[in-house]
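Asker: So you can see what is in the structure, the chains are spelled out below.
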Amino acid sequence: MSSTRALSVIVPAHNSSATLPRALTAILASELPRDGYELIVVDDASSDGSAEIAARYADTVVRLTGRVSGPAYARNRGAELAQGEILAFVDPDAMVRADTLPRMLAMMSDNHGLAAVSASHDQSAPTRNLVSQYWNLLLHFGDQRQAGSSGNVASPCAATRRLVFLSVGMYDEWRFGTTALEGIELGKRLEDSGCVVKSNKDLAIAGLRRWNLRSLCREVWTRSALLARSLGYQQTRAAVPNEVVFTLSRSLAPVFALTCLVAVSAASLPRPDMLVAVAIALFGAIALNLPALVFFAKARGIIFAIAVAPLHLLVQALSSLGLCAGWILRDAVGDRAPDAAIQAYAEVGVETWPPVPRATGG
Amino acid sequence: MIVPAGKEDGASTELVKHGAAPYRAPRVALIVVLPENHVVSADRLAESLRAHGGRNIDVVVACAGQPTNLAALQQSVGDAQFILAPAGTTVEDLRELAMRQVPGDIVTLVSGAPVSASGADSELFMSS
Numbered sequence: 001m002s003s004t005r006a007l008s009v010i011v012p013a014h015n016s017s018a019t020l021p022r023a024l025t026a027i028l029a030s031e032l033p034r035d036g037y038e039l040i041v042v043d044d045a046s047s048d049g050s051a052e053i054a055a056r057y058a059d060t061v062v063r064l065t066g067r068v069s070g071p072a073y074a075r076n077r078g079a080e081l082a083q084g085e086i087l088a089f090v091d092p093d094a095m096v097r098a099d100t101l102p103r104m105l106a107m108m109s110d111n112h113g114l115a116a117v118s119a120s121h122d123q124s125a126p127t128r129n130l131v132s133q134y135w136n137l138l139l140h141f142g143d144q145r146q147a148g149s150s151g152n153v154a155s156p157c158a159a160t161r162r163l164v165f166l167s168v169g170m171y172d173e174w175r176f177g178t179t180a181l182e183g184i185e186l187g188k189r190l191e192d193s194g195c196v197v198k199s200n201k202d203l204a205i206a207g208l209r210r211w212n213l214r215s216l217c218r219e220v221w222t223r224s225a226l227l228a229r230s231l232g233y234q235q236t237r238a239a240v241p242n243e244v245v246f247t248l249s250r251s252l253a254p255v256f257a258l259t260c261l262v263a264v265s266a267a268s269l270p271r272p273d274m275l276v277a278v279a280i281a282l283f284g285a286i287a288l289n290l291p292a293l294v295f296f297a298k299a300r301g302i303i304f305a306i307a308v309a310p311l312h313l314l315v316q317a318l319s320s321l322g323l324c325a326g327w328i329l330r331d332a333v334g335d336r337a338p339d340a341a342i343q344a345y346a347e348v349g350v351e352t353w354p355p356v357p358r359a360t361g362g
Numbered sequence: 001m002i003v004p005a006g007k008e009d010g011a012s013t014e015l016v017k018h019g020a021a022p023y024r025a026p027r028v029a030l031i032v033v034l035p036e037n038h039v040v041s042a043d044r045l046a047e048s049l050r051a052h053g054g055r056n057i058d059v060v061v062a063c064a065g066q067p068t069n070l071a072a073l074q075q076s077v078g079d080a081q082f083i084l085a086p087a088g089t090t091v092e093d094l095r096e097l098a099m100r101q102v103p104g105d106i107v108t109l110v111s112g113a114p115v116s117a118s119g120a121d122s123e124l125f126m127s128s
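Protein chains in written order, with the working numbering: chain Y, 1 to 362; chain P, 1 to 128.
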């Protein structure tokens, strides 16, 4: 590690052996001199040899043992060791382009008022299955519509100034232990402290993760419920309109998606009169999702758009149910809280390695 | 477990219940990777050691082939551990092999430079 490096690239990894080699190879293929940045991989209690894979590429590997603490926690541990003035956080299932990191670095160097910048998803499809292609395209769709207008650090690749990052208290590793959205919360905190945060649709990354129906449904549900419960729907929508939950829940589309699913289910009963209701619900759902479906058709062809339409409705319905669950939980039991042991560690001030998760968010 | 005076309350009871471990500093390791005909300079090694401040560091040298200048390295870093791999082992395989055998929490990896690209004056250690 050298103290003269301008950039520290930090990659949190948990059981990422399937995608980590490609992600790290892409980082090393960046149009940057190799001695101009350091690559730190933080292995979050993996059991699949991610740390050994990381050692093939990285300058520093941090091994966290015990229970899985989440990407926010892992990124914070990497940031504590980093020497660079700029920190770039890259997910282990994201593939940067050769110019992504250099351009981020240039943007930050040219504009000293810029505290953080994030990349957007491209529409490439490194994994060929339908669910992965759909999800990557949907993320790209949201990013293209709203990029530049939000303070979103929730991208799989985001850069921030180290001193600013440390001064606002880093990622909230307490509330966002095992789920996403910590980047949105950090972005809001940066903006609340007067910092400028930008997402840039010309800075692109490709998603390497292979999604299946189950993992996608779990992701959408968790993301939607947590957003409504911990961050608040309205204020987050105003701050981060390109978040995929808002792409899914625009106007009345989720209502029609839900109605559609119910009507289709009911149509399987021997009730011919239900066909009219199904047709109305389908028409409404398709009309409200027309921009997304047209985008899918332009990107992959009309057959692809038709093939993913039912999946889109399912995901949309699930997201709206997740939001409802989050609202109910927020009102009934409040925001998430760490377990009793973590609270006790924080209260008593006992130090351990790895450290006890810390709360920094609002 | 070390509990500060005056804090023996519900929280410390909770810690006892969860078997709180006493603080230990993270274990730091430095892996020096030397494929065939690569060298590492004294300056580079010193810089890597300095980056970790005054911490105790486990130094591990992973070599492909037969190491030379062993005495010079031992003089420089004291009780380094050596991992000898067959000649022809790639730098990536050496790194992975060393990582499997090093028990550190924070592991820094330093790769040597090819002999032709390094300055003869700074050469400390090489594999051949």
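Worth flagging that the hints you see were computed from the coordinates, not collected in a lab. Please note that the accuracy of each hint is not assured.
As the list claims (entries may be wrong) - FRET-style restraints, in silico, Cβ to Cβ:
{"no.": "1", "chain 1": "P", "residue 1": "A87", "chain 2": "Y", "residue 2": "N15", "range": "27 to 35 Å"}
{"no.": "2", "chain 1": "Y", "residue 1": "W353", "chain 2": "P", "residue 2": "E47", "range": "45 to 53 Å"}
{"no.": "3", "chain 1": "Y", "residue 1": "T222", "chain 2": "P", "residue 2": "N56", "range": "36 to 44 Å"}
{"no.": "4", "chain 1": "Y", "residue 1": "A325", "chain 2": "P", "residue 2": "P86", "range": "54 to 62 Å"}
{"no.": "5", "chain 1": "P", "residue 1": "N56", "chain 2": "Y", "residue 2": "E80", "range": "16 to 24 Å"}
{"no.": "6", "chain 1": "Y", "residue 1": "A297", "chain 2": "P", "residue 2": "P26", "range": "51 to 59 Å"}
{"no.": "7", "chain 1": "Y", "residue 1": "R67", "chain 2": "P", "residue 2": "G53", "range": "47 to 55 Å"}
{"no.": "8", "chain 1": "P", "residue 1": "A87", "chain 2": "Y", "residue 2": "L213", "range": "34 to 42 Å"}
Quick caveat, the model's predicted, so the values are computed rather than measured. A virtual CB, placed ideally from N, CA and C, is assigned to each residue, including glycine.
Asker: Is the hinted range of 27 to 35 Å satisfied by the C-beta distance from A87(P) to N15(Y)?
Answerer: Since A87(P) and N15(Y) have Cβ atoms about 34 Å apart, the given range 27 to 35 Å holds.
Asker: Take a look at whether the Cβ-Cβ distance between A87(P) and L213(Y) falls inside 34 to 42 Å.
Answerer: Given range 34 to 42 Å: violated, Cβ gap about 49 Å.
Asker: Just to be sure I understand the hint, the distance between the Cβ atoms of T222(Y) and N56(P) should be within 36 to 44 Å; is that true here?
Answerer: The hinted range 36 to 44 Å holds for T222(Y) and N56(P), with Cβ atoms some 41 Å apart.
Asker: Is 47 to 55 Å right for how far apart the beta carbons of R67(Y) and G53(P) are?
Answerer: 28 Å, violated
Asker: Can you let me know if the beta-carbon spacing of A297(Y) and P26(P) is within 51 to 59 Å?
Answerer: About 52 Å separates the Cβ atoms of A297(Y) and P26(P), which means 51 to 59 Å holds.
Asker: Is it true that N56(P) and E80(Y) lie within 16 to 24 Å of each other by Cβ?
Answerer: 19 Å, holds
Asker: Given the hint of 54 to 62 Å, check if A325(Y) and P86(P) actually sit that far apart at their C-beta atoms.
Answerer: 57 Å, holds
Asker: Confirm or reject the claim that W353(Y) and E47(P) have a C-beta distance inside 45 to 53 Å.
Answerer: Violated - the Cβ-Cβ distance for W353(Y) and E47(P), about 25 Å, lies outside 45 to 53 Å.
Checked against the numbered hints above, the structure violates hints 2, 7, 8; every other hint is satisfied.
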